[in-house]
Amino acid sequence: MHEFARVTDVSIYSLEKLIAETRRIARDYRNATGKPLGGVSGEIAQFDACKQLDLEPVPPGTQGGYDAVGRGKRAGKKIQIKGRVIFDEERSGQRIGQLKLEQEWDSVVLVLMDDHFEPFEIYEAERDEIVAAQEAGQSKRAKRGAMSVAKFKAISQLVWTREFGEENEVWDNRSGS
Numbered sequence: 000m001h002e003f004a005r006v007t008d009v010s011i012y013s014l015e016k017l018i019a020e021t022r023r024i025a026r027d028y029r030n031a032t033g034k035p036l037g038g039v040s041g042e043i044a045q046f047d048a049c050k051q052l053d054l055e056p057v058p059p060g061t062q063g064g065y066d067a068v069g070r071g072k073r074a075g076k077k078i079q080i081k082g083r084v085i086f087d088e089e090r091s092g093q094r095i096g097q098l099k100l101e102q103e104w105d106s107v108v109l110v111l112m113d114d115h116f117e118p119f120e121i122y123e124a125e126r127d128e129i130v131a132a133q134e135a136g137q138s139k140r141a142k143r144g145a146m147s148v149a150k151f152k153a154i155s156q157l158v159w160t161r162e163f164g165e166e167n168e169v170w171d172n173r174s175g176s
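Numbering (numbering that gives the first Met the number 0), first residue to last: 0 to 176.
Hint data in this document are derived by calculation from the structure and do not stem from the laboratory.
All of these numbers come straight from a predicted model, not from anything done at the bench.
Computed list of lysine-lysine pairs in DSBU-like fashion (alpha-carbon distance at most 35 Å, straight line): (1) 50 - 99; (2) 152 - 34; (3) 16 - 77; (4) 50 - 152; (5) 16 - 72; (6) 16 - 76; (7) 77 - 50; (8) 76 - 152; (9) 50 - 72; (10) 99 - 77.
Computed beta-carbon distance windows for the label pairs: (11) 134 - 63: 18 to 24 Å; (12) 119 - 59: 25 to 31 Å; (13) 53 - 92: 31 to 37 Å; (14) 165 - 113: 15 to 21 Å; (15) 35 - 149: 17 to 23 Å.
Glycine included, each C-beta is placed from N, C-alpha and C at the ideal position.
The whole structure should be built from the sequences, with the hints applied where relevant.
In structure tokens form, the structure reads like this:
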């Protein structure tokens, strides 16, 4: 049974329905107010990453700097999950949430969602790649663990797409292969 279901005592089907309703409410709220509904994209991203990449979310309140533990080909891997809704692809400078560089984790997964809060791509970067990018960054933001979506995509691997699901042969942004 999926950890989300154990934590909330609802079936996976019920949780899927709740997440679908959350996507609708978040979309309607943004359409009505012009502002995002705070905190929702991160919860949706965590659900989507766990579902699409076979991850087990850590129980609520768990300390450690990571959101999920891998199963299958990611078995035992401690993973931070970040989410970003892309409302305007032309807008530059979009950032992901602060990375917890001082805490224990192995990789970061970034779930990119469309304006309906549906995932369209998931990228994964290993800790050493992120640390190297942060050390190379000269800005105060970089030193605090902040990173742009474009920078994250440049140092990561595309591991899932809406069209093809989880990538069997991971597409590596750095080599263009």
